[in-house]
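In the order they appear, the protein sequences are chains A and B.
Residues 0 to 129 (numbering that gives the first Met the number 0) are what the first sequence spells out, left to right.
Residues 0 to 424 (numbering that gives the first Met the number 0) are what the second sequence spells out, left to right.
In case anyone wonders, no lab produced these hints; they're calculated from the structure.
It is possible that part of the hints are untrue.
Stated by the list, open to error - The calculated label-pair distances, taken between Cβ atoms and stated as ranges, are:
no., chain 1, residue 1, chain 2, residue 2, range
1, A, 39, B, 21, 24 to 32 Å
2, B, 355, A, 85, 45 to 53 Å
3, B, 316, A, 115, 27 to 35 Å
4, B, 350, A, 117, 35 to 43 Å
5, A, 45, B, 269, 44 to 52 Å
6, A, 47, B, 66, 23 to 31 Å
7, B, 352, A, 79, 57 to 65 Å
8, B, 398, A, 83, 22 to 30 Å
9, A, 98, B, 21, 33 to 41 Å
Ideal placement from N, C-alpha and C gives every residue a C-beta, glycine not left out.
What follows is the residue order along each chain.
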Amino acid sequence: MKYVILIQSNPQPWGHPTSDYLPAYQHQSQETRDRANADFEDMLGELGERGELVGGEALGDPATSRLFRWADGDRVVSDGPYAEGKEHLAGFFLIDVESQERAEQIAEAFSGPGETVELRPVMGGGGDVD
Amino acid sequence: MATSTEVDDTAYDEIWREEHRHVVAALARRHGDRGDCEDAAQQAFLAAAESWPSEGVPDRPRAWLIRVASRRLIDQVRADAARREREQRSGLQEHALHGGATEDDHPSEHEETAVADDTVELMLRCCHPSLSPTSRVALTLRAVGGLSTREIAAGFLVPESTMAQRISRARATLSRTGARFSSPTVDELPERITAVRHVVSMIFTEGHQRSSGDEVVDEAFAREAIRLARALHAADPADTENAGLLALLLLTHARTPGRVDGAGRLVPLGQQDRARWDPALIVEGVRLLQECLPAGEVGPFQLQAAVAAVHAEAADVEATDWPQILVLYRMLDRVAPSASTTLALAVATAEVEGPGAGLDVLARIEGDRWHRPHAVRGHLLRRLGDARGAREAFATAARLTRSIPEQRYLNRLLTEMGDDEHDPA
Numbered sequence: 000m001k002y003v004i005l006i007q008s009n010p011q012p013w014g015h016p017t018s019d020y021l022p023a024y025q026h027q028s029q030e031t032r033d034r035a036n037a038d039f040e041d042m043l044g045e046l047g048e049r050g051e052l053v054g055g056e057a058l059g060d061p062a063t064s065r066l067f068r069w070a071d072g073d074r075v076v077s078d079g080p081y082a083e084g085k086e087h088l089a090g091f092f093l094i095d096v097e098s099q100e101r102a103e104q105i106a107e108a109f110s111g112p113g114e115t116v117e118l119r120p121v122m123g124g125g126g127d128v129d
Numbered sequence: 000m001a002t003s004t005e006v007d008d009t010a011y012d013e014i015w016r017e018e019h020r021h022v023v024a025a026l027a028r029r030h031g032d033r034g035d036c037e038d039a040a041q042q043a044f045l046a047a048a049e050s051w052p053s054e055g056v057p058d059r060p061r062a063w064l065i066r067v068a069s070r071r072l073i074d075q076v077r078a079d080a081a082r083r084e085r086e087q088r089s090g091l092q093e094h095a096l097h098g099g100a101t102e103d104d105h106p107s108e109h110e111e112t113a114v115a116d117d118t119v120e121l122m123l124r125c126c127h128p129s130l131s132p133t134s135r136v137a138l139t140l141r142a143v144g145g146l147s148t149r150e151i152a153a154g155f156l157v158p159e160s161t162m163a164q165r166i167s168r169a170r171a172t173l174s175r176t177g178a179r180f181s182s183p184t185v186d187e188l189p190e191r192i193t194a195v196r197h198v199v200s201m202i203f204t205e206g207h208q209r210s211s212g213d214e215v216v217d218e219a220f221a222r223e224a225i226r227l228a229r230a231l232h233a234a235d236p237a238d239t240e241n242a243g244l245l246a247l248l249l250l251t252h253a254r255t256p257g258r259v260d261g262a263g264r265l266v267p268l269g270q271q272d273r274a275r276w277d278p279a280l281i282v283e284g285v286r287l288l289q290e291c292l293p294a295g296e297v298g299p300f301q302l303q304a305a306v307a308a309v310h311a312e313a314a315d316v317e318a319t320d321w322p323q324i325l326v327l328y329r330m331l332d333r334v335a336p337s338a339s340t341t342l343a344l345a346v347a348t349a350e351v352e353g354p355g356a357g358l359d360v361l362a363r364i365e366g367d368r369w370h371r372p373h374a375v376r377g378h379l380l381r382r383l384g385d386a387r388g389a390r391e392a393f394a395t396a397a398r399l400t401r402s403i404p405e406q407r408y409l410n411r412l413l414t415e416m417g418d419d420e421h422d423p424a
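Construct all of the structure, not just a fragment, from the sequences and the given hints.
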């Protein structure tokens, strides 16, 4: 079963790993932050080793995005960010796992204070209506 | 040569990190399939983990690893070639789908059994309980099916490297538990055979439901599953569940040409053009069932095959013998209860005793995240005249399914209902 893990975050300044630039992490000791980063790397390594990682990318500053819209029958192009919300899409992972439980376990490991991790199922071409 | 007898896990990890890619690169210069090279390298590291603690780390670990890995790779290539040659000689590959239908080059019974035994032996090892069901499927396709890692990856829509990692991890797990080169014991055998049948059925479903979008790959999966089911049946014709599995796959595969319409949309069983079903596969499936059903204990695959046979033998959907199907699903509900059996039982009950009775059975399914019960509830409510309830159920099912074709089918139903049916005021 494939899932995408979406990291919704707002690092200031924009940077990766996002936790290095989040206020929620600032008051933590360097040691705690290093451990969190190491845990994250371990989980990534485990995903690769188990053949569960399909892909993933870290995304650039939302202000650098270009937006393509239609208004009154014309294409309107403008600069980002797309949403003025509290958080932006900062990166994603595509995973392929045995169960919803395993997907939730992974998403949980990717979550931290100050950001939201969204787990969404991926649609596929198979199926049956018999 | 021994420099140290103290080799801990960290030391191995370090050697693995430093040497792994060099070993694989050295092998890949002489052998094309990178996945095979990765596997061989992995095996060499496992051999190192076994012998270095007692014999010490060799002076040139990389040369040692490359030598051992090359030997493994050559053994693997030889074994593959020998198996392929044997299969070709017995003509099994050509007749994987329609059996040995031609007279001239039909393999002798002895040869056929020898190949089948060999195939089943490998399958038993690939279905070790230490592996997850999906790992068993991947390893069986690679080790027994002879599909390339690239083809398997294409079937599951993952990158080749991800699939290669899954396969070599499965192999490493087997090596670690010592299961890779040993057969199951007599005590383990019944459970293992059940696991093998389950894996064959999963491979078939993957191909039959066309999940990869690549018809050639999906056809290869279904064909491979049928070949494996034939091998299981040939190796032990007295096992009625082996016969049942083969019959189920043949009878289901027979309907493949009618499953999708010209526009690529899924067609429900009741609306399929039965003239497009493959009569040769139906005849063979029904014959297998007639032989195995009276023979002894009736298991889940025989029962599902029997249902498929009842559908296959009905000239059109109106002629379907639903009371017979209801009896079969009640038996299945006793021998192998599961949520999908309850769902099928609900459908059959509705056909015989009415939609209300079907809904009562459906209520037994726990949880509400699975889309299929919602879809069935929608159909039953619609027949009861509850258009609003039906629409809600179809909408929930459409929201929950992970299949794009199913979602399109359900959304299409919703649109049709919106036009034709209105709630009584």
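>> Please list, smallest to largest, the hint numbers that this structure does not respect.
In response: The structure conflicts with hint 3 only, although it agrees with all the remaining ones.
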